[in-house]
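Going down the list, the protein sequences come from chains A and B. Residue numbering for the first sequence follows numbering that gives the first Met the number 0, beginning at 0 and increasing consecutively. Residue numbering for the second sequence follows numbering that gives the first Met the number 0, beginning at 0 and increasing consecutively.
There may be inaccurate statements among the hints.
To be clear about the criterion: a stretch of chain B counts as covered by chain A if any three or more of its residues have a C-beta under 8 Å from a C-beta of chain A, and this derived list gives those stretches [unchecked claim]:
hint, stretch
1, 230-242
2, 245-252
3, 319-328
To be clear, the hints were calculated from the coordinates, so they are not data collected in a lab. The structure displayed is predicted, hence computed values, not measured ones. No residue lacks a Cβ here, since even glycine has one placed at the ideal position from N, Cα and C.
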Amino acid sequence: MSNKEIILSIRDLYVNFYTYAGVVKAINGVNLDIYKGEVFGLVGETGCGKSVTSRAITRLIPPPGRIEKGEILYKRNSEYVDLLKLPEDEIRKIRGDEISYIFQDPTSSLDPLYTSGYQIAETMVVHDRAEWNEAWKKAVELLKETLIPDPESRVKNYPHEMSGGMRQRIVISIALSNDPKLLIADEPTTNVDVTVQAELMDLLRELQRKKGTTILLITHHMGLIAEMTDRVGVMYAGNLVEIAPVDEIFAEPLHPYTKGLLAAVPNPLQKIDKLVPIKGSVPNLIYPPSGCRFHPRCPFAMPICKEKRPPRIEIKPGHYVECWLYAEEVKKKGES
Amino acid sequence: MAGMGRYLVRRAITFIPTVFGVLFITFTIAFLMPANPARVWAGGQKASPEVVQRIRRMYHLDEPFWSQFYYFTKAILTNSIYSPVTHNLVSEEFMRRIPITLNLAIMAMFMIVVMGIPMGIIAALKKDTAIDNAVRVLALIGYSTPSFWIAFIFMWVFYNELGWMTLVGLPRPSQMITGIYLVDALLLGEWKTFIDINRRLLLPAFILAFISVGGLARYVRNTMLDVLSADFILFAQAKGLPPFRLWRHALKNSLIPVITVVFFMFGGLMSGAIITETVFGIPGLGVLYYSAIANLDIPVIVLSTLYAGLIIVVISLIVDILYALIDPRVRL
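Chain A with its partners taken away, still in its complex shape:
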């Protein structure tokens, strides 16, 4: 991480969903830089906006969702372009080619009516990476790379003829087919067997090491975070509350939510005697709490937390937190 080249920079991103019940303010001003070649982990509870953030990167937000404002700067040919301002046809050329996705559920990610080979080859053909004949051959190669036994016959199989783990390997093959610069893996192992999980993660890490792909890994599995990532972002209710190198997140979490999260799940780096759940429940984002969205559940809440949204504070180089507790500290330091 000596040469920190930013490949993707999300700035002040807001995403709303216009439902019958009201406007869900799902993403509320997220700022995030992802460096080239790193594995960035995004953690948080279900519904905190991890997936929405990752999909907003290539504007994959179907109605009733809408990206309200923000910038997503992506380094393309040594020049930053705002993905949110690109014409539809240009963003389409980036999807699946420079930025590709692995979704959570391999069973529903694949079209049941086409063979796995077709679906892999199609991804190369639409980006003019290969003609059909060649793309089919490359599909076999990809299946070999993703360690699918008997790839020559597997390309002719339909998704229903494969196991869940195998299907996710097909999805991974699709995602890798055009050598993406950024791979967004959205809970890639949540819907497969535990034994397959480890294999798939090994596979991703191996591929990442070989090709130097930047990975944005979304998960709520702390073990995966510890094992796979270089840096971690913690999301809560549409806000990115803390960003830190992976060791620091586990060793000295700063945000009360991060602390609560680590106490609530098994910590892979140290032994915890008892898991403590975070009190309260996830807020309704149609009527999000004022100020800091975590304040109703925060054991350290102060009057200001209810009134004003906390600023982002860099506590140490590369360790950011959005919390008034540290703003006070900063102020005190300034005074003394």
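Dock chain B against the given chain A, drawing on the hints supplied.
Below, chain B alone, put in the same frame as chain A:
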């Protein structure tokens, strides 16, 4: 597709008991009807008792159920069922009328598909807009309006006022090739006949289409919306597929449920349209049913039901085969 041959054989074996079952049930219902058909056939109230008695014996109506059923089944197999009312060979009657109904059914189905499927797709794309609501209202009107009422309105407009349509006779091409008049006239290049057939059948076909088109459009719309919200469409988008490829994935996945509905609609049309044919005086199967019911023509009633049953059996066979061709998950 390796299983196709075996599947067809298996299907053929179940075919016979199904048809026989339909025959048995319809015959039983006809037998249980609290009516005295022999008397109706003999001429009603004024019929002399001797004639009624003779007819009863002729049609085995004085014999027990099983015996009657035996004679009836035997007569079907030897193709010797005559209508006691018209004295025509019933199979010939059917063969004369099927092309007419088929013609009408094909025209109506063509209109339903050509209008209904695009309407459904547009309604899905423009969900919850004025267009979507218009399709919804059209479906409702089609379902709920009596077809004879629309028929009269249309006749008044297109026959009385505009004079575009004809209401008597049915022109036929000079030769039969496919048995469908419209197609034969086209193949033979007999343009005048072709236009005349259209002038006679376009209106009733449109009415049949009008009843169903909104329903199909709504069905296509809902199917499309289901498919478009599926994960694999979002994933296909994430792969960077251009719109026409996304559409291919979406349409192919929507095809299976839509095929079922379209084919069963066609089956319904093939069984004859009683009201529309009667109102327009088209000598198809619908009119035959109507007069058979009015005259207690039991052999025709039973055979008509059997025919409708056969159509359904054949249609579901075709639908099953199409499923297997489109969907790899379906094994025959």
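Verification of the hints:
Check on the stretch 230-242 of chain B: 11 of its residues sit with their Cβ under 8 Å from a Cβ of chain A, so the three-residue criterion for coverage holds. Using a Cβ-Cβ cut-off of 8 Å, 3 residues of the stretch 245-252 of chain B lie near chain A, which meets the minimum of three, so the contact claim holds. Three residues within the 8 Å Cβ limit are the bar, and the stretch 319-328 of chain B against chain A gives 4, so the coverage statement holds.
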